[in-house]
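Mind docking chain B on chain A? Use the hints.
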Amino acid sequence: MFVNFFYLLRGYGVPVSITEWMTLIEALSRGMAYSSLSGFYYLARAVLVKSETFYDKYDLAFQHYFNGIESSEELTERVMKWLENALPPLHVSPEERKQFQDWDLEELRKRLEERMKEQDGEHHGGGKWVGTGGRSPFGHSGYHPAGVRIGGESVNKSAVKVAGERKFKGFRTDETIGVRQFEVALRKLRQLTSKDEGPKEELNIDETIQATADKGGLLELIWDRGRKNDVKVALLMDSGGSMMPYMRICSQLFTAINRATHFRDLRFYYFHNCIYENIFLDPSCNPRNSVKTEHLLQQLDTEYKVIIVGDASMAPSELTMVGGAIDWSISNNESGIYWLQRLAAHFDHSIWLNPIPSNFWNRTTGSYTISLIRDIFPMYELTLEGLDMGIKKLKVKR
Amino acid sequence: MQQAQAVFSGTKDYIASEDLQNSVNIAIALGRPLLIKGEPGTGKTMLARSIAEQMEKRFLIWNIKSTTKARDGLYIYDTVQRLYDSQFGDHDVSDISHYIKLGKLGESFVSEEQVVLLIDEVDKADIEFPNDLLWELDIMSFDIPETNETVEATHRPIVIITSNAEKELPDAFLRRCVFHYIPFPDEEMMERIIYAHYPDLHKKLLEEAMKAFYWVRSINGLQKKPSTSELLDWVQALTVGGISTDAIVQELPFLGVLIKKDRDFNAVLQRLHNQGAQRKNPGILRSW
Chain A
1 MFVNFFYLLR GYGVPVSITE WMTLIEALSR GMAYSSLSGF YYLARAVLVK SETFYDKYDL
61 AFQHYFNGIE SSEELTERVM KWLENALPPL HVSPEERKQF QDWDLEELRK RLEERMKEQD
121 GEHHGGGKWV GTGGRSPFGH SGYHPAGVRI GGESVNKSAV KVAGERKFKG FRTDETIGVR
181 QFEVALRKLR QLTSKDEGPK EELNIDETIQ ATADKGGLLE LIWDRGRKND VKVALLMDSG
241 GSMMPYMRIC SQLFTAINRA THFRDLRFYY FHNCIYENIF LDPSCNPRNS VKTEHLLQQL
301 DTEYKVIIVG DASMAPSELT MVGGAIDWSI SNNESGIYWL QRLAAHFDHS IWLNPIPSNF
361 WNRTTGSYTI SLIRDIFPMY ELTLEGLDMG IKKLKVKR
Chain B
1001 MQQAQAVFSG TKDYIASEDL QNSVNIAIAL GRPLLIKGEP GTGKTMLARS IAEQMEKRFL
1061 IWNIKSTTKA RDGLYIYDTV QRLYDSQFGD HDVSDISHYI KLGKLGESFV SEEQVVLLID
1121 EVDKADIEFP NDLLWELDIM SFDIPETNET VEATHRPIVI ITSNAEKELP DAFLRRCVFH
1181 YIPFPDEEMM ERIIYAHYPD LHKKLLEEAM KAFYWVRSIN GLQKKPSTSE LLDWVQALTV
1241 GGISTDAIVQ ELPFLGVLIK KDRDFNAVLQ RLHNQGAQRK NPGILRSW
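The listed protein sequences derive, respectively, from chains A and B. Going by the working numbering, the residue at position 122 of the first sequence is 122; the numbering climbs one at a time, nothing skipped. Going by the working numbering, the residue at position 48 of the second sequence is 1048; the numbering climbs one at a time, nothing skipped.
Here chain A stands alone, though its shape is the one from the complex:
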């Protein structure tokens, strides 16, 4: 009977399968929605939606499908509830107040019902429709002195309204790539150790049989070392001004990498547009808190997996010329590209993540330097997909 709802959900991008739909039908036939729309809302959500990232889409679909299903009696009830929630008059001038004095609750209720019949969608601002931020008597966050608050923080239990609140909007993956998704992607960056360190806690069957046989059948157990993740990571981040628009996504990646506990070692370095003789230990790129890039190359062995994050967009001179660094305080007797090549040559695995979407790489202002750097490092865009591809690259030898 609700089969259209099934297709609507899928249309909204909630991956509902037949199995789950059948479960819902089974639950419904056992009366588990308690014959109410809000019961159905929770039931269907629990059975059909398997990730909080889809809660918002579910809410939208639910609203779409069930809006207007509630009968007018229910509407009256809802309106009465809203009226109970009416805000006390705020600070209004006496003239203003006079204008609304004759509006009793009955009147308001009637008008709201009329308004609901006429209104066909969301409406914000203005002085007539039900909506937010306006001077209409209906809605919330508005300024009507004798108005009715609808929505907001009320505790009205109508399911369509719960859906309308869209509490789970923040969890949508297509809107923001969360730290968590990055973390999940980073988990794939693991490489198990060879068996020469760590506690011995795995039984080696073959050796045990051999040793036992050698002892004429007297049991002799041989234990082996388990295997652990052996990945060491160095993250080099551009913290220059042109990176400002991407700060959010960069800090998400940073947090994700920082939280990943499965690396054997993790180092952070910063640079401004390009890497020169010194590399900085804090994002403000203060020369007093820096180390020689040469030193970094000595300190980190070639097994470190290097992830460079930057927009790779700069004046060509910054990359190719001696003395071209953007900051006067930085002396560079070698060009930026020299240092990038040194890094790329030193480490077995390195990638460059660029927050600029890849289809712009040929067209942005920095396209020239991007193309030069792409010749040195495999470059991926800083998205979940790009990170996934980058991590695959980090796992294989060049």
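Everything labelled a hint here was simulated from the structure, so no lab data went into it. Owing to the predicted nature of the structure, the values given are computational and were not obtained by experimental measurement. Ideal Cβ placement from N, Cα and C applies to all residues, glycine included. Please note that a few of the clues may not be correct.
[What the hints assert, rightly or not] For each label pair, taking beta carbons as the anchor points, the in silico distance ranges come out as:
| # | chain 1 | residue 1 | chain 2 | residue 2 | range |
| --- | --- | --- | --- | --- | --- |
| 1 | A | 247 | B | 1065 | 29 to 39 Å |
| 2 | B | 1021 | A | 244 | 38 to 48 Å |
| 3 | A | 201 | B | 1170 | 26 to 36 Å |
| 4 | A | 15 | B | 1094 | 46 to 56 Å |
| 5 | A | 289 | B | 1131 | 39 to 49 Å |
| 6 | A | 211 | B | 1224 | 40 to 50 Å |
| 7 | A | 248 | B | 1260 | 17 to 27 Å |
| 8 | A | 357 | B | 1063 | 35 to 45 Å |
| 9 | A | 18 | B | 1266 | 49 to 59 Å |
[Unchecked claim] Mimicking DSS-like on lysine-lysine, the simulated pairs with C-alpha atoms at most 30 Å apart in a straight line are:
| # | chain 1 | residue 1 | chain 2 | residue 2 |
| --- | --- | --- | --- | --- |
| 10 | A | 232 | B | 1069 |
| 11 | B | 1069 | B | 1101 |
| 12 | A | 392 | B | 1037 |
| 13 | B | 1224 | A | 188 |
| 14 | A | 232 | B | 1261 |
| 15 | B | 1037 | A | 188 |
| 16 | B | 1225 | A | 188 |
| 17 | B | 1124 | A | 57 |
| 18 | B | 1065 | A | 392 |
| 19 | B | 1069 | A | 395 |
Only chain B this time, still in chain A's reference frame:
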């Protein structure tokens, strides 16, 4: 499989929101595992305990670690013990069943009465782990090839599975679960939760602690935001420490209870130093 429908509604020290109660009851009635996700410290693990408590059922916990294999939950065949015993001949080693020990899932199957089984932090194990359990959770029985036995559930256990979303769970597994996401409690809910744990708490202290807590949570860039369980500990620390209510927001005493990471600790202190927890903007507070 019609059972008397007991209804879960939270216990006196576990406050469950209406939709959480709904999800629990749906899962129980359908006989499906309930998968619980949510920020750390929102009471995922506590939920199973409170279900067991309210429905007066035995409570089993299967803690998942990164090395846990699906079969560990069913049974363990202690071959090493059997080999050792065969050396000395003081046990009857021909009877393999002596060396078969049931795991938590196996135990919940053979129990005389229905139990509540918590499979805690399922995402810690290998990525294939949940798939390996599908069949057993579906038909509620498994075979022990070593003894040619079949262990069948006499009463379908109420299975609660928690996940911290460290790994994506396989779709096939998700399809068979009832899912619920516990959002971080809003202030009203939080107040109820705290009162459930400390009914005699001074109102002023609670208010101040909440104010400070939500302020700390609102600080951008914390590696680990304090959660409900940390707030509960903190409130207790404040009470036991006899801290004056004015000092709470001003000085954030016992901050180490709320904040566990060095870097976060310094960040919070610095923010406190710079602006003070008092001068907060409610708009910013809400948008974390």
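Hints not upheld, ascending by number: Those not satisfied: there are none.
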